[in-house]
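Keeping the supplied structure of chain F fixed, place chain V upon it in accordance with the hints.
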Amino acid sequence: MLVDKHPFLRVATHVCLVVGILFLMLPIYFAFVASTHSLRDLLTAPIPFLPGKMLFHNYYTVLVKGAPKLGVNPVDRMLLNSFIMAMFIAVGKIVVSILSAFAIVYFRFPFRKLCFWMIFATLMLPVQVRIVPTFQIAASLDLLNTYTGLSLPLIASATATFLFRQCFLTLPDELCDAARIDGAGPMRFFWNVVLPLSKINIASLFVIMFIYGWNQYLWPLVATTSSKMSTIVLSMQKLATAADQIPQWNYIMAIAILALLVPLLVVLVMQRWFVKGLVDSEK
Amino acid sequence: MTMLELKDIKKRYANTEVIHGVNLSIEKGQFVVIVGPSGCGKSTMLRMIAGLEDISSGNITIHGKLVNRLPPKSRNIAMVFQNYALYPHMNVYDNMAYGLKMRKMKKADIKVRITKAAEVLKLTDLLKRRPKDLSGGQRQRVAMGRAMVREPELFLFDEPLSNLDARLRVDMRLEIYKLQRELGITSIYVTHDQVEAMTLADVLVVMNHGHVEQMGTPLEIYNKPATQFVASFIGSPEMNFLDVKVCGDGRTIKLNDQITLPFAGSFLDQYERRQIVLGIRPEALHIAEKNDAIQFAMRVDLVEALGSDTIAYGRMVHGDARLVVKLSGHIRTHVGEVLTLSLRPSNLHFFDKTSGKRIIGL
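Here the protein sequences line up with chains F and V, keeping their order.
Those letters in the first sequence? Residues 136 to 418, per the working numbering, in order.
Those letters in the second sequence? Residues 7 to 368, per the working numbering, in order.
Next up, chain F with everything else stripped away, as it sits in the complex:
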């Protein structure tokens, strides 16, 4: 770590940080400001720079009441949908990838290398590339408009598998030997030794994958038709591109802020784990 003894350096680092934060926070601040005004205020120059008085009204409208005439449905259901989808994706990714990494690192089986490279190859096939066949499969399995359909195609993850593989490779081989001599079978070893030692990685990966799932746009757009299964990201888009009317920027921004809050909460909650894991490092 660099030691910043020089007072100028100290000031400079802080200036850099503050500028950076302002730069990143400004759009969010404007989104928040926009969500607290009426549409009329937003459309008349100058654009308001300070929060208005419509905060409660706007949020109440998008969350509970809705505004049927303007095409605004309450988004509580969509928040829930997004949450369930993101949860499924994050948990599913972790379960699948930790098990496949475990297999690749700790077992010698025929075509092990091939399996590894096949997982690697999926990096080159994100949803956007395979969207048509994936849709076909989801449709023929009757998975459209279901949570399974929303999350399952996004669960396989080469990145997470690599991450766990790297993490397992840092565990000393003797740990596995010791467990074998102690009489633990492979799954016991996984459950009692590998899993507890990967807690930190699981926590960090969960945060990343939850946000990844939450931000999904293209696949939910394709895989859902009913508004009941719509996600929060989709509802924003629908409102912004609704035909024959001025976009309801105040409501859209309120939804955007709501859509931000859940991942933020997840980060905040998991961060405590995260820091605990770093401080209480066991490796």
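What the hints contain is simulated information worked out from the structure, not anything from laboratory work.
In this text the structure is predicted, and so the values were computed from the model without any measurement.
Backbone N, C-alpha and C define an ideal beta-carbon position, used for all residues, glycine too.
Each statement offered as a hint is correct.
Per the computed footprint, the stretches of chain F lying under chain V, defined by three or more beta-carbons under 8 Å from a beta-carbon of chain V, are:
{"id": "1", "segment": "301–311"}
{"id": "2", "segment": "315–324"}
{"id": "3", "segment": "327–337"}
Chain V in isolation, oriented as in the chain F frame:
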């Protein structure tokens, strides 16, 4: 009673054979130390005995029962690893208890065993701590405790002391020795440290390149090394080797044109007029006294004064062969000095120049 027997054990990785047919038989209660340079296959041997590594051919029997195909947990063994291999997320108690839990032992019995082992190993106050809060020596003791509570028939130690600092190593060496004697559990100990090997072993096994070079008590091996490799590996500083020529019906060897060593017997007659290797331990050389029959001069290149000993490195004045001499600590010497040395013929070793095997004789 034979406890463990290895018969013609071989190990191949793909196409390279790393262990070339090892035979070994170990009696109950013995402390066997396998010593050798790194890469000689000693750790692989231990892992094969543990069942962590498959054997390519041969048989391993424990108490007459073939265990080739048995998994480690069914062999009734316990192992102590070089890096301790403690479970980082478990406290000392759980680390020791894990193997017993896996064997479905009752909680109360586990507690009894751990309490007992913790007392012996002075770990009682540390039972709630995690490995990261322990010193190296304490971790080593936990690893020992984990092996002890299992009450196995066979202890396997894989260079258990090489991660400790020198002083702690000596302490732990003594502790392991005492503990093994008290428990009377048959043990196999792998190390590359010859001091550990010499001090701990009932039976010492010297390995090199996947072969057993020699097996015997530490003193047998020191006094009668079977091969040139064993002679160079055991003993510090390393034994001096000189190429010499046999003449006079095998009664005399010629170090060079100037120096000849006469012997009473003619045991070297089959080597008449051939080159052999003469081995002289540095501690077998001494400063010549007036009436010593054999005398030769060495010019000192380097001196290591250790207090208890003075080790002088140099070259023979006639013939230029390198020599190391271990002299008593009160003898002072300096670079460039010419020492007149002597030796007793009974302290010499002879090796065949091509096979490296000891020549039976003296």
